[in-house]
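Quick note, the sequences are listed as chains A and B, same order.
Here the first sequence stands for residues 1 to 193, numbered as in our numbering.
Here the second sequence stands for residues 1 to 272, numbered as in our numbering.
Think of the hints as simulated: they come from the structure by calculation, not from any bench.
If you're wondering where the values come from, they're calculated on a predicted model, not measured in any experiment.
Be a bit skeptical, because a hint or two may be false.
[Claimed, not checked] If you want the ones that stay clear, here's a sample from chain B, every Cβ over 10 Å from chain A, calculated: (1) V30; (2) T33; (3) I40; (4) D45; (5) P116; (6) W126; (7) F129; (8) G131; (9) G170; (10) M182; (11) E185; (12) P233; (13) L259; (14) Q265.
[What the hints assert, rightly or not] Some chain B residues close to chain A (C-beta under 7 Å, calculated; not the full set): (15) N90; (16) V145; (17) Q147.
[Stated by the list, open to error] Some chain A residues near chain B, calculated using beta-carbon distances under 7 Å: (18) P63; (19) F67; (20) I70; (21) Y74; (22) H77; (23) R94; (24) Q101; (25) W138.
In this text, a Cβ means the ideal position worked out from N, Cα and C, and glycines have one as well.
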Amino acid sequence: MSYAPSYSGLLTEMNVIEPFFLTQAEAIERAIEIKEKKKLIARQQIPNVQSMPLNLSAEYPSPQRIFNAIQALYQSHNSPPARQIPDRLTALYRDAYAENQSIVADSVSQFADFFRNHRDLGLPKITLTPDGTLRVRWIHGPGNFTAIEFTGKPLAKLVAEIPREGGLTARYFTTEPIENILTAARAVGASFA
Amino acid sequence: MTQGQEIAGIGRVKFERPPINEVAIGVYYVPVTELRAEHIGIYWDSIRKRYPICEQRFPVLIQSEGQPPAMIAEAPGEIFPLPRFWFSNNAHSILIQIQRNAFMLNWRRGSSEGYPHYEGVEKDFWQEFEGYKNFVQGIGGKLDVVQRCELTYVNFISPNAFFSSPAELGNVLPSVASLCKMHDEERKLVGLNALAAYQLNDNLLVESAIKWGKRSDTKEPVAVLELKAQGTPGDLSLIGAAAWFKAAHNGIYKLFLSLTDEEVQKQVWRPL
Numbered sequence: 001m002s003y004a005p006s007y008s009g010l011l012t013e014m015n016v017i018e019p020f021f022l023t024q025a026e027a028i029e030r031a032i033e034i035k036e037k038k039k040l041i042a043r044q045q046i047p048n049v050q051s052m053p054l055n056l057s058a059e060y061p062s063p064q065r066i067f068n069a070i071q072a073l074y075q076s077h078n079s080p081p082a083r084q085i086p087d088r089l090t091a092l093y094r095d096a097y098a099e100n101q102s103i104v105a106d107s108v109s110q111f112a113d114f115f116r117n118h119r120d121l122g123l124p125k126i127t128l129t130p131d132g133t134l135r136v137r138w139i140h141g142p143g144n145f146t147a148i149e150f151t152g153k154p155l156a157k158l159v160a161e162i163p164r165e166g167g168l169t170a171r172y173f174t175t176e177p178i179e180n181i182l183t184a185a186r187a188v189g190a191s192f193a
Numbered sequence: 001m002t003q004g005q006e007i008a009g010i011g012r013v014k015f016e017r018p019p020i021n022e023v024a025i026g027v028y029y030v031p032v033t034e035l036r037a038e039h040i041g042i043y044w045d046s047i048r049k050r051y052p053i054c055e056q057r058f059p060v061l062i063q064s065e066g067q068p069p070a071m072i073a074e075a076p077g078e079i080f081p082l083p084r085f086w087f088s089n090n091a092h093s094i095l096i097q098i099q100r101n102a103f104m105l106n107w108r109r110g111s112s113e114g115y116p117h118y119e120g121v122e123k124d125f126w127q128e129f130e131g132y133k134n135f136v137q138g139i140g141g142k143l144d145v146v147q148r149c150e151l152t153y154v155n156f157i158s159p160n161a162f163f164s165s166p167a168e169l170g171n172v173l174p175s176v177a178s179l180c181k182m183h184d185e186e187r188k189l190v191g192l193n194a195l196a197a198y199q200l201n202d203n204l205l206v207e208s209a210i211k212w213g214k215r216s217d218t219k220e221p222v223a224v225l226e227l228k229a230q231g232t233p234g235d236l237s238l239i240g241a242a243a244w245f246k247a248a249h250n251g252i253y254k255l256f257l258s259l260t261d262e263e264v265q266k267q268v269w270r271p272l
């Protein structure tokens with residue numbers, strides 16, 4: 001878990017202490033200055049003495065990353081129907097946590113970024129793969145679906161079955177850079193409704 | 001500080017005269033966008049008999065690693081950002097703090113009331129939290145997906161039988177003894193700020209800060225021992241938060257015992 005000590009903002013001002021080395025006149029000036037600085041700190045997030053970054057660990061904790069992804073999705077998907085995506089992600093994460101199943105934080109971040117950038121897509125079925133990555137599927141009927149697996153790496157997996165004339169089904173299994181995956185899928189007739 | 005006479009198999013020590021001046025319990029969660037300024041008055045009305053004093057403060061902003069600088073959580077259509085609200089009782093001993101993405105409860109030492117011990121503060125916290133949670137649900141929001149929990153103790157250690165000058169502060173807080181011994185006729189110790197952080201597990205850090213100065217209210221010399229636990233419950237849930245607070249309290253308790261001198265614990269704070 002990474003560490004960045006922070007100003008104890010939830011404490012009240014009753015615990016403020018002053019250093020001894022100030023004279024009384026200085027102390028008054030200093031008190032005013034401190035008050036003004038506090039406002040500034042709150043507004044500009046300038047660390048004070050208590051918040052010297054110790055940077056004890058560069059490791060980035062997984063629950064915090066998952067939270068960031070969930071929060072970003074709640075902010076971008078603010079209507080009740082759209083909230084089903086972060087709601088589902090939260091439920092999946094909690095189930096995985098309870099069962100001690102790993103969940104790839106990079107996959108969750110990629111998933112969140114994708115849906116924040118493409119808010120017009122229909123609500124997919126969201127599942128967790130045995131590898132701990134997120135997979136989403138838009139199922140339109142038998143032999144008719146589009147699925148994306150968020151690997152957490154630059155290339156995402158695309159799987160699709162698309163009905164063709166004469167009762168045939170085209171099957172696609174490929175990888176694409178996440179930025180291009182919608183374009184590539186739509187080019188072969190995949191739907192995200 | 002805290003702790004109980006033989007609490008359910010843990011064997012903690014409670015003190016008769018703990019040096020605790022303030023305890024704060026806080027939970028941060030996904031911002032409640034349904035919460036608007038007009039709702040705050042309705043909520044206050046529901047607790048006003050117990051907490052008749054209301055004040056506004058700037059919201060506490062917490063920074064998540066890998067994220068842009070923290071901003072005040074705003075809601076669609078809002079003209080002015082929602083501040084943090086303080087609701088306190090007449091004695092100012094209990095303070096509820098609410099902002100769009102957080103709920104906090106502080107116990108503060110008043111002139112007459114004794115310390116209710118952690119169990120009492122925690123009980124008050126969850127009781128008030130439950131009431132607020134129901135209120136938020138009533139306006140269509142939810143207090144879910146926990147981002148961070150914080151538990152903070154501020155201990156004020158005034159000069160006592162074991163120390164009367166900064167040079168003797170090490171008698172109470174042995175970890176800073178070497179710094180305090182530098183105080184002599186030629187150089188006087190006039191300020192101290194020692195910060196350390198301990199990782200107890202992946203989701204729990206405890207930070208200790210030892211300071212020397214004078215109280216801003218009474219101007220009396222004082223040593224401050226601030227112990228702050230912070231972390232994210234592994235499953236990001238409120239149930240996980242409750243378990244996290246128990247672990248955090250245990251971690252703070254043990255750190256307090258380790259940081260303070262055993263004789264001072266026995267003779268000044270006095271185990272019950």
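A cut-off of 10 Å on Cβ-Cβ distance, and L259(B) was said to be off the interface with chain A. Does that hold?
holds, 16 Å
Min Cβ distance, V145(B) to chain A: is it shorter than 7 Å?
holds, 5 Å
Any Cβ of chain A at or closer than 10 Å to V30(B), or is the non-interface label fine?
Incorrect as stated: the minimum Cβ-Cβ distance to chain A is 5 Å, not above 10 Å.
For the hint on Q101(A), just tell me whether its beta-carbon gets within less than 7 Å of chain B.
violated, 12 Å
How about F67(A): closest beta carbon in chain B under 7 Å, or not?
holds, 5 Å
E185(B) and chain A, when compared Cβ to Cβ, separated by more than 10 Å:
Given a closest Cβ separation of 17 Å, the condition holds.
Would you assess whether M182(B), listed as outside the interface, keeps its beta-carbon beyond 10 Å of every beta-carbon in chain A?
Since the minimum Cβ distance to chain A is about 15 Å, M182(B) lies beyond 10 Å and the statement holds.
Would the hint on Q147(B) stand, with a C-beta cut-off of 7 Å toward chain A?
holds, 5 Å
Over 10 Å from every CB of chain A: does I40(B) meet that, or does the non-interface label fail?
Its Cβ never comes within 10 Å of chain A, the nearest being 18 Å, so this holds.
Does P63(A) hold up as a contact with chain B if the rule is Cβ-Cβ below 7 Å?
holds, 4 Å
Is the Cβ of G170(B) more than 10 Å away from each Cβ in chain A?
holds, 17 Å
Over 10 Å to the closest beta carbon of chain A is the bar; see if P116(B) clears it.
Holds: least Cβ distance 17 Å, greater than 10 Å.
The structure fails hints 1, 2, 12, 15, 22, 24, 25 (numbered hints given earlier, in ascending order).
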